[in-house]
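S.K.: Please work from the sequences and hints to get the whole structure.
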Amino acid sequence: MTRKLIKRVTLALGMGVASLTLSACDGVTVGVGYGYDPFYDSMLWNDYYHDVDVDIDIDRPDRPGRPGTRPPARPVPPIAKPPNRPPVSRPPNRPRPPAARPPAARPPIHRPAGRR
Amino acid sequence: MRIQFASTLAVCAALWLSGGTASADTPVTYTDNGRALFSFSVPDYWALRTGGPREIEDTELGDTRAVARVMGLRPVTDDNVWIGFVSPSGVASIDGGLRYLEDIDKFLVKDPTVSETTSTRIGGLPARIIRGTGNRDGRGVNFTATVIDLPQDRVAVVVAILRNGADPAYVDDLNAVFASFKSEQ
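As they're listed, the protein sequences go chains B and E.
Each residue of the first sequence is one higher than the one before, counting from 1235 in our numbering.
Each residue of the second sequence is one higher than the one before, counting from 77 in our numbering.
Everything labelled a hint here was simulated from the structure, so no lab data went into it.
You can trust all of the hints, since none of them are fake.
Covered stretches of chain E, as calculated for chain B (at least 3 residues, CB under 8 Å):
no., stretch
1, 134 to 144
2, 156 to 164
3, 167 to 181
Simulated restraints, written as ranges between beta carbons of each label pair:
no., chain 1, residue 1, chain 2, residue 2, range
4, B, Asp1281, E, Gly241, 29 to 37 Å
5, B, Asn1318, E, Asp134, 55 to 63 Å
6, B, Pro1272, E, Thr126, 13 to 21 Å
7, B, Ala1314, E, Thr135, 54 to 62 Å
Here are some chain E residues pointing at chain B (derived, C-beta under 10 Å):
no., residue
8, Gly127
9, Gly148
10, Leu184
11, Arg212
12, Val217
13, Val233
14, Val235
C-beta: ideal position from N, C-alpha, C; glycine also.
M.R.: See below:
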């Protein structure tokens, strides 16, 4: 009786293992994709038709030449620049106030009532 | 009578065998606006990407460029070998085809060095072949660029690429593709 049971259990386990092994072989097969196809993409791109209309403004008239005379010299300002003064000594640094606390972003909605 | 039967059998076998090898390749016709331009055969276990006419926009300049159909072929299990066909519109002569090649080669291969330029006939049509080397993505490549003069002011531009480390047996397949090339006009 026990021998029969052992046989059956062995058979069942064996079949289970075999079916798992076989199904593992039957994986999802995916065909070779075209994920990496650099040469195809490169052959699409060309500069052949690109350089045709580069000189769009070829019929524009030439720009007029610059006037030959130089611009007049700048007038000298009537008020002369003040002479360089000696640097004024800086005032001493003011004492800084203690850093203020940042305000609370949002006060709690329900403030618990303080104990009295 | 018996000898006759044996010879008939041999002829049949030869026909069947030759028919078998000839029909192993898959004929493909390149068309432009419904007009068949040329055809070639796809070797067994090679993948064909047909493509089609389209416009691509330059992201920097914002201009659109028309692109003719590009057909790409490669072995199913090896991406070290590639051959592509294009018949650009408005390119009528071999010289025009060479100028077209000059405008695409910098995208295909970096630092190209031409080793040989020959004139020949492919499928009974005049053709110019440019062989050379370069590199792409840090790997050396061998390229064979071909311009074939088709009738009625069209050319076929064919670029075959073998990356370093490719199985040299694929050269036979590439040559078979060239051997099967013929005009459809």
